[in-house]
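Mind docking chains D and G on chain R? Use the hints.
Residue numbers (this note's numbering), protein chains in the order written: chain R, 3 to 446; chain D, 8 to 286; chain G, 4 to 312.
Simulated from the structure, these hints should not be mistaken for lab results.
Each residue gets a CB set at the ideal place from its N, CA and C atoms; glycine is no exception.
Heads up, some of the hints might be wrong.
Unchecked claim - Ranges of calculated distance between the beta carbons of each label pair, as one might list FRET restraints:
hint	chain 1	residue 1	chain 2	residue 2	range
1	D	Val-31	R	Asp-187	45 to 53 angstroms
2	D	Ile-85	R	Gly-251	56 to 64 angstroms
3	G	Val-30	D	Arg-10	46 to 54 angstroms
4	R	Asp-380	G	Gly-158	52 to 60 angstroms
5	G	Asn-175	R	Asp-380	50 to 58 angstroms
6	R	Lys-262	D	Pro-48	29 to 37 angstroms
7	G	Arg-86	R	Asn-313	48 to 56 angstroms
8	R	Ala-189	D	Pro-48	29 to 37 angstroms
9	G	Phe-93	R	Lys-262	33 to 41 angstroms
Below, each chain spelled out in residue letters.
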Amino acid sequence: MSDLFSSALSRRTFLSGALAVGAGATLAACSSSGSGGSASSSPSAATSSAAGAATGTINALFMKQAGYSEDHVRAMTTAFQAANPGATVNLEFVPYEALHDKIVAASAAGTYDLVLVDVIWPAEFATKGLVTDITDRIPSTWSNDVLAGALDSGLYQGKYYAVPWLLDTKYFFANKDMLTKAGVDPASLGTWDGVTAAAQSIKTKLGMKYPLIWSWPQSESVICDWAVLTASMGGKLFDDNGQPAFTAGGALQALEFMRKTIVDGITNPSSTQSAEDDVRKVISAGDAAMGLNWTYMYAAANDPKQSKVANQITISPVPSGGSGQISVNGSMAMAITSGAQNPDAAWAFAEYLSSEKLQEQYVTDSLPIWKASYDNPDVVKSAPDVVAAAKVQLGQMVNRPQVANYNAVSAKLQEAVQKALIGDLPVQQALDNANTEVQKLLTA
Amino acid sequence: MHRVRWWVYVIAAVVIFIALAPIVWLAIASVTPSAALLEKPLHFFPAQIDLSRWRAIFTQGQNSPAGAFRIAMLNSLIIAFGTVVISLLVGIPGAYAFSRLRFRGRRTALMSFLATYMVPTIALVIPLYLIMANLHLLNTRIGLIIVYSSFVTPFVLWSLSNYMDGVPRELDEAATIDGAGRLRILWSVLLPLTRPGIFAAILFATLLCWDEFLYALIFTSTTASKTIPVAVAEFSGKFSTDFGLVAAGGVLAALPPVFIALAFQRYLVAGLVSGAVKG
Amino acid sequence: MTEATVEVATKPRRARREGRTAFFLLVPAVVVVLGVVGWPLVTTVLNSFRRVESALPKAPKPFVGLHNYAYILSDSDFWNAVRNTLYFTFFNTGLELILGVGLGVLMFQPMRGRWLLRVAVILPWALPTVVNAAMWRYYMNADYGPLNAFLVQTGLRQDYYSFLGSGTSAMNSVILVDVWKNTSLVAFFVLAGLQVIPKELYESAEIDGAGALRRFWSITLPLLRPVLAVVLVLRTIEAFKVFDVIYVMTRGGPASSTTSLALYAYKTAFSDQLFGIGSAISLVIVLFCLSLSLFYIRALGGSMGPEQS
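Isolated chain R (complex conformation) (with noise of 0.2 angstroms):
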């Protein structure tokens, strides 16, 4: 009795100690990192990165122009094998395209340790067993330090399968002078019914053809766009059971919407062909007075360089639609494969690229996971309006239906929206159709 007592006791101290072990590391990791110091090898940091010195290959898999440029991304991968001399790091860089699809084919070869995942792959590769859990690896104290949106981007059932990296959600973006020269308070702005009302005037006031464009083509976009516009609207696309909710309430209401302002002719028609990119091109070349976008549009539309309309385009949270300011998700984070040869030392790098040190090291590449950064005067300095617009949005955000063939319900979804923007269907209908074959999915 009193051994088995004593050595549960004894089990416990062994696990406190642990405990303080670990604390220990992530405390003197926040030191190093406040202390701020110049870019690379010091050795205090090395320690703490993991549980100790990182060994091994590492195969990496990670993504060309992704928001850290390559040349950058080389460079934080020599300061990690500087201070982790037994690691080697062999990175591959793949555009964007092609990264869901490499993952695909080089799992059953196990090519990679770690692979940069989107914000709507977890759950998929997490079913299909290509990634592996790593929520006991995840230090506590990140619940509280990290953005919860962006730890959120790795997150299926409950747990955790991916290290968040490249922060990114929509924001709003106007053009100051047509909104001026329209006549129009940007305070208005903050709601979806101060935007059309404001596409009205632009419309009447500067004869401007279209005001707004969005990016609705058959891809992922359109789903990103609709899913801003449900969650501000009070709405779901999938409820908290992973069952369809976008025939009814919010979603429903924001197809109604994005129909309405086409036939309303204050949308760009060809919106529903237009990427992204199209977007950030027709509001730079000045044929539209506002639109959503990602973080990257700000700089592009602003540079004389690439746009017609530098300096009069400003970067807001996303409108309300009644429900708050809430935006999308569209994060990626690092995630270790299943066949890992090295999945410790795979942790450990992942752990330093996104370490607050280094996040703020590379702030005008991407910005930082961490909650504390958006307080730090030198990251507001690199680009103040977007950090304001950030601080706001980064903690609204929503994930898109997090449900295991995420990719297949994704495509019926974008089908069924464009038959409605289109006007080949009413959007009850379509949604209704949509319904059907998603459940089918859902079930097979």
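Just chains D and G now, kept in the frame of chain R:
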């Protein structure tokens, strides 16, 4: 032959315009500032010239998408050359067999070759990936040469055997009577007569390799092995594309096949047979 | 009499001897082709009868008989893709063939500056499909596309046109883009085929008083048949497998009106990771191509025609 009528020249001019105009403007777009590309009304000849994309392609480091394009051009050339050589080496004897020899299952065999060409890349790419990984052929040019040869060869077999069918049999049968062996006939009688067909096949095979996208996308991800289509795909980020850079890449990518065609055009169109049949 | 008997007697022996030569001549090609696609092909056939939902080797792959085929046959998306693909193949190949023959004959004319024509014709073909599709996607853009600018500035249209905006228009645009690039292929094969037509035939036809059109119908076209069989089969296969140009230009939209069978197979196999069903779709594509090819070959002859003996 006859004098060519004036209206034939008119048709030729229209054809040249339709074929060339989009590419000429592609070249113009590659030196047009990004902002000017969005103008409405568009100025087809920009007021300002912007050479930044060309400078990027020729001077940037290999880690940048523009710099990687240089290496991709070289990779594509090597891969196309290797593939064409292999496919011709194994394809010409095979085509001869299909065209000139009588054996059981000839039609089935030829159709089977053709059938492998009909299978969509999508079906083969994942099992092939596993094989390539096990043989350490991922991210290598040799790997792509081997894969490309597998779909260029059926095409060479098929098109050349058909072309040889068009060459009158009397010619090589006459040589048989003269006592020449099969290989000699193939080499010294049939091959010269098939030359236009072979060069058409070379051109087509080169362009098949030049064009191929999905295999290259999945099987290569290092600068040292990526091909042109993959390099061009990398000009697009997750959301943004600089069309000027795509345009510059496109113009460069179109040049080598044109040089090949020009170099071979003498063979492609030499009127060989008209003289030979008379003999 | 005696001669005939000798021929009959030697025929089987000769066939056997030629069979052996053919075998040795074909082995290298078989190795090059089957060495690469053999095993993947077997996997595809097997997977089409299994439920395969993960690329991992250890994932379960239960045998499901014809279930995958039954699934696609009952899927409205499949039939939509079949319709789109047939439409694409028919108009794409048809246009390319008609224009290609015309272009081949044109390039054959002894014109001055013929090289310029040939270079011009080869350029679209030399442009990689990915670039070609990206280029036209940009040219046809409804808001800033240069093609629209051209049409409006030359007065051919009043307003910018949304080429990729509606189903029919998007499909036709994709077809035209592919025709613009691939007609050159047909033209060059026709040009090569014209080289082997003896000039004497034309000369004697002319003496008989046949006009240019008549000569084209009764000499050129029949003698081009083997070449036409090659390009027709080739282009049909390529058109039936169409993927890149649609993927880049429309992603199968708007509202799935340009989704081809290959794109449908890609979405099923890669995006949804339903490899069993994806394999079944791929084999259906092969079946379609095979029957179309056999039909053409029957009609046009060539190496695949009736056994020559």
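Now the hints, each set against the structure:
In this structure, Val-31/D and Asp-187/R meet the distance hint of 45 to 53 angstroms, their C-beta atoms being roughly 48 angstroms apart. Distance hint check for Ile-85/D and Gly-251/R: the Cβ-Cβ separation is about 58 angstroms, which falls inside the suggested range of 56 to 64 angstroms. Separation of Val-30/G from Arg-10/D is about 52 angstroms and conforms to the stated range, judged on CB atoms against 46 to 54 angstroms. The hint said 52 to 60 angstroms for the Cβ distance between Asp-380/R and Gly-158/G, and at roughly 57 angstroms that hint holds.
One distance hint, 50 to 58 angstroms for the beta-carbon pair Asn-175/G and Asp-380/R, holds here, with the actual separation near 54 angstroms. The given range of 29 to 37 angstroms is respected by Lys-262/R and Pro-48/D, whose C-beta atoms sit roughly 31 angstroms from each other. Range check, Arg-86/G to Asn-313/R: about 50 angstroms between beta-carbon atoms, so the 48 to 56 angstroms window is met. Here the CB-CB span from Ala-189/R to Pro-48/D is close to 36 angstroms, well matched to the stated 29 to 37 angstroms.
For Phe-93/G and Lys-262/R, the Cβ-Cβ distance of about 39 angstroms falls inside the hinted range of 33 to 41 angstroms, so the restraint holds.
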